[in-house]
Amino acid sequence: MIISIASGKGGTGKTTIAVNLALSLENVQFLDCDVEEPNAHLFLKPVISERMSAYIPIPEVAEETCDCCGRCQEVCAFNSIAVLPGEIREHGSVLIFSHLCHGCGACSLLCPLDAIREVNKEIGIVEKGFSNGIQFVHGKLNIGEAMSPPLIRQVKKHVDPTKTVIIDAPPGTTCPVIESVKGSDYCILVTEPTPFGLNDLVLAVEMLKTIGVPFGIILNRYDIGDDCVDVYARENRIPVLMKIPFDREIASLYSKGLPIIGYKSEYDSEFKKLLIKLNLNP
Amino acid sequence: MKQIVIISGKGGTGKTVLTASFASLAHNKVMVDCDVDAADLHLLLHPSVKERFEFRSGQTARIDKALCVECGKCIDMCRFDAIGKDFIIDPIACEGCGLCSRICVYEAIVMEENISGEWFISDTRFGPFVHARLGIAEDNSGKLVSRIRQAAKEIAVQENKSYILIDGPPGIGCPVIASITDTDLAVIVTEPTLSGIHDMLRIIDTTGHFQIPVKVVINKYDLNLENTRKINDICESRNIEIVGRIPFSAEVPRSLVQAVPFVEYAKDEVTAEIISIWNTMESILQGKNLTTKGVQ
Ligand code: SF4
Ligand code: SF4
Chain A
1 MIISIASGKG
11 GTGKTTIAVN
21 LALSLENVQF
31 LDCDVEEPNA
41 HLFLKPVISE
51 RMSAYIPIPE
61 VAEETCDCCG
71 RCQEVCAFNS
81 IAVLPGEIRE
91 HGSVLIFSHL
101 CHGCGACSLL
111 CPLDAIREVN
121 KEIGIVEKGF
131 SNGIQFVHGK
141 LNIGEAMSPP
151 LIRQVKKHVD
161 PTKTVIIDAP
171 PGTTCPVIES
181 VKGSDYCILV
191 TEPTPFGLND
201 LVLAVEMLKT
211 IGVPFGIILN
221 RYDIGDDCVD
231 VYARENRIPV
241 LMKIPFDREI
251 ASLYSKGLPI
261 IGYKSEYDSE
271 FKKLLIKLNL
281 NP
Chain B
1001 MKQIVIISGK
1011 GGTGKTVLTA
1021 SFASLAHNKV
1031 MVDCDVDAAD
1041 LHLLLHPSVK
1051 ERFEFRSGQT
1061 ARIDKALCVE
1071 CGKCIDMCRF
1081 DAIGKDFIID
1091 PIACEGCGLC
1101 SRICVYEAIV
1111 MEENISGEWF
1121 ISDTRFGPFV
1131 HARLGIAEDN
1141 SGKLVSRIRQ
1151 AAKEIAVQEN
1161 KSYILIDGPP
1171 GIGCPVIASI
1181 TDTDLAVIVT
1191 EPTLSGIHDM
1201 LRIIDTTGHF
1211 QIPVKVVINK
1221 YDLNLENTRK
1231 INDICESRNI
1241 EIVGRIPFSA
1251 EVPRSLVQAV
1261 PFVEYAKDEV
1271 TAEIISIWNT
1281 MESILQGKNL
1291 TTKGVQ
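Here the protein sequences line up with chains A and B, keeping their order. Quick note: the first sequence uses my numbering, first residue 1, plus one each step. Quick note: the second sequence uses my numbering, first residue 1001, plus one each step.
The shape of chain B in the complex, shown without the other chains (with noise of 0.2 Å):
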């Protein structure tokens, strides 16, 4: 069973839209959303949820007020700012370190288990998806993309997929670090834009770090040619393979309106490029040897 994490560094460059056609194309596999912040793949899957379990991670500090005396210790401890002069805590701010309610003499605060979401196995025509919805405001979402990703890799086990696919988080932080975690092949999706580059850059170099295989596609490659050019000596450079070039379309934003993945909106040369771009992964996670490239 491989694990393959579609990523870009870059947010809106067309990571969720491929990840939605290689779950058309592939067979014998689980999704998982990892993007929990602003999860989208759903909305191509369609899902219907099996089973619902909540995500509870951390804690938030509450002041009693019954027996609070103001002496205001806890008000010059916290390193978060969430205590107000009013004595009431900020649970936006509120880390739930538990600093507050462990020096606090009067044992006037205590600290409440955070429900901060829920995560879900669904069926969907693809095959099992498992997805999940972080609450407003919370945070944690790195635990959440772990706790999805132990999910998806039980059923594959269970019954014996051949991938799972992960559509991954914007950025390069926590729940980035939590996608591409122990992931078989990275795929970076980046666009032709000096942002595009730029973020691309720090995404492999993220993947580098945690000696993660790499494989490049270049989305509206022919929006700016130079640029594209660049791309590609930054790749040979750092020895990394580049598995397609998709050409600008003003058809994938209608396909997002018809709610189905790419490449079972269109056949044209987008569709063309997505296929052989899976064909390519697909015979590159088949027993060849991963080395990790991207590292420097």
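Only chain A is shown next, with the shape it has when bound in the complex (with noise of 0.2 Å):
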């Protein structure tokens, strides 16, 4: 079983709900799949035991073989080939902007001359390990590279379907969020009861429907703000099924790096329930 933490908006507490609720399982897996700011390392603290790199096939020239005849740069709908013919009988050359390359293979494939071979690009590494029972596993995507779907995808092959899988998603609703909660069994939206947390839960909301992940709400710092999460939770059906309130002892806990269960004991119990409410069969 498979369930995703997501936020249409940032900072709302999504990397809080799903390290406590990890900790609260049995026979649990955590994937930290917010490979641009992953977070959830700094509360687990996992012994890290694997670490991989992650690559993208990138298109690499043989200048030798290549006569610029222009088919890549053609066929690329990125825009990451550039040839630039040369002066009569002087050699032209091809430019590759990687950044820009999505790895799909159509440049090396339609090559008339089989002149372009993939080449591995690192954008990131993914690594693995252990914290209390709870096998790890989380993305950081290099500095200064753009693409983070195809490292979440990496990071996802690691899924273990005989354990309890917990994915902590990026914030927003666009492709890194979908490519981290598709195929997920349940996804939990935590927002907070402002007009910015409204704003941005109805997002994600109409992003979960497109996908077809089934979804309910959890509610943090209910109490800063006003009812209308509440109200447009209850005029579209949308289970809530927690609600936290603000409380400086927890955010004190978040400062310092540290999960809710262990150090306040009353919501041991509101966490294990959770996994009920949400109707899914271990």
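Among these hints, one or two may not hold up.
As the list claims (entries may be wrong) - With beta-carbon atoms standing in for the labels, derived distance ranges:
| hint | chain 1 | residue 1 | chain 2 | residue 2 | range |
| --- | --- | --- | --- | --- | --- |
| 1 | A | Gly-70 | B | Thr-1181 | 27 to 33 Å |
| 2 | B | Gly-1072 | A | Lys-209 | 28 to 34 Å |
| 3 | A | Glu-60 | B | His-1046 | 49 to 55 Å |
| 4 | B | Asp-1184 | A | Arg-248 | 33 to 39 Å |
What the hints assert, rightly or not - In the DMTMM-like style, the derived pairs of lysine to aspartate or glutamate whose C-alpha atoms are separated by at most 25 Å in a straight line are:
| hint | chain 1 | residue 1 | chain 2 | residue 2 |
| --- | --- | --- | --- | --- |
| 5 | A | Lys-256 | B | Glu-1236 |
| 6 | A | Lys-182 | B | Asp-1090 |
| 7 | A | Lys-45 | A | Glu-266 |
| 8 | A | Lys-156 | A | Glu-206 |
| 9 | B | Lys-1073 | A | Glu-206 |
No lab work stands behind these hints, which were simulated from the structure alone. The beta carbon of each residue, even a glycine, is placed where N, CA and C say it ideally should be.
From these two lone chains plus the hints, build me the complex, please.
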């Protein structure tokens, strides 16, 4: 069973929920798919036992075979190849803008002279380890790298279907989030009761409806704003799975990289009950 | 004309609250909301839309069932697992590379242009505002960011504006890179939590990579003074100026409910600090040489 934790707006407590849910269940695997800004390791403090580079294939041109016909530039939908024809008889050259390349393989496959081969480019790393019996996997995107979805795909390759898998998704509603959440049995959306929280929640709900993943809401710091999220949830029949008040103690634990479970016992059963509320059979 | 981007790495540190306050304090400026993924700034600026544009970007493949003989070659070739066994293309998985349509000998696959969002030029009582809405489950947010920044720049040049204020997205990937490219100053809003520090370091490295000068603001600095000290130390060792320390205030979410920029909502120490931050930035931006900090 795969449960992902997401949130349209950042900073609403996604990682807190994901970490504490993981800590209150048995036989858990935790995947941090927020590869741009992975944070869960700060709370779970896993001992990393495996570290792997994540690559995407990018083209490399054999200048001696290439006759600068321009086919690769024509077939690349992402403008990541430019062919500069040379002076008469003088050899031209092919420029590759690797940060734009999606690794689709069109250029190498369609080059009439077979002058393009694919080489690996590192876009980040995947680390695997253990923390308190929880199997932990996360990805870290290299600085300056634009595309996180291929790295998220590599993190998700490690999903262990015999475990309860908790996925911490990145904030937002676009490609990296969809890549993280798709394939989940359930998605918990964490939000806060402000117009910002509601605005971004509505976008996240539409996104989940589009990809067809069932969902419910956790309302964090439910007493800081107004009742806009409650009203929205009621009108749209979205279950509110849990409400957490603003609590300086929780904020302080968070700031130190400590989970709630183990420090505030009143939450132990709250998190355990969560799974039952989802109506999923483990 | 100077371009200032407000970013944070980590979401929810108070970026938009700060941007809206700057919008209220700064004179003669254009605002852009580059968090096209989950845009919020309009909730505080109350734009009235003047012009509306379609954002077209990329393509999606479609299989014409009348021509398809189900040979399966496209399924084997697609690197994004976008073609199902039923020979129906999953538009969300499809990256629009067009490989399938080029290799299909029956010419059964057509590439169709995506309309992946809308963007707007609006009037607000603070000045012109350029913002966008990315379609549900659409990608290419980086391109949309570049598009609206270009529009903001055109307005700024035409109307001889002094500043472009950019509300940036969280993270360090594609839309962030598009938001910070060619700006004059990046203001990184962080908070004294381990996550806040961790994400601040990654965004500092990112701005360093693109050689953007940075300043740091610590929001809710009094929630954990030890971590605030850590941030001070980090910034000092990297030669980055901290331009403000904003105390925690329960009034901030209330100002959001009232939907006004914080500096117009309360006359308290938070507002005083934000005003002082803006004054500092203004003097930094006016003429002073900006050196690139945070490059390791
Ligand atoms: S692999 Fe695809 S995206 Fe990359 S350069 Fe070749 S055609 Fe362009
Ligand atoms: S256009 Fe590219 S990504 Fe889309 S289905 Fe065809 S091969 Fe796959």
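(Q) Tell me if the straight-line CA distance from Lys-1073(B) to Glu-206(A) falls inside 25 Å. (A) Violated, because 33 Å separates the two Cα atoms, which is more than 25 Å.
Decide if the proposed pair is consistent with the structure: Lys-156(A) and Glu-206(A), CA atoms, cutoff 25 Å inclusive.
holds, 23 Å
message: Hint check: Lys-45(A) vs Glu-266(A), CA-CA at most 25 Å. Holds or violated?
response: holds, 23 Å
Check your understanding: Between Gly-1072(B) and Lys-209(A), does the C-beta distance stay in 28 to 34 Å?
Key -> Given range 28 to 34 Å: holds, Cβ gap about 31 Å.
For the hint 49 to 55 Å, verify it against the beta carbon of Glu-60(A) and that of His-1046(B).
About 52 Å separates the Cβ atoms of Glu-60(A) and His-1046(B), which means 49 to 55 Å holds.
Lys-256(A) paired with Glu-1236(B) [C-alpha distance capped at 25 Å]: Holds, at roughly 21 Å.
Next item on the list: Using the Cβ atoms, figure out if Asp-1184(B) sits within 33 to 39 Å of Arg-248(A).
Entry: holds, 38 Å
- Message: Hint check: Lys-182(A) vs Asp-1090(B), CA-CA at most 25 Å. Holds or violated?
- Response: holds, 12 Å
Next on the checklist: Between the beta carbons of Gly-70(A) and Thr-1181(B), is the distance compatible with 27 to 33 Å?
Outcome noted: Holds, since Gly-70(A) and Thr-1181(B) (Cβ atoms, about 28 Å apart) stay within the stated range.
Hint 9 alone, counting from the list given before, is not met by this structure.
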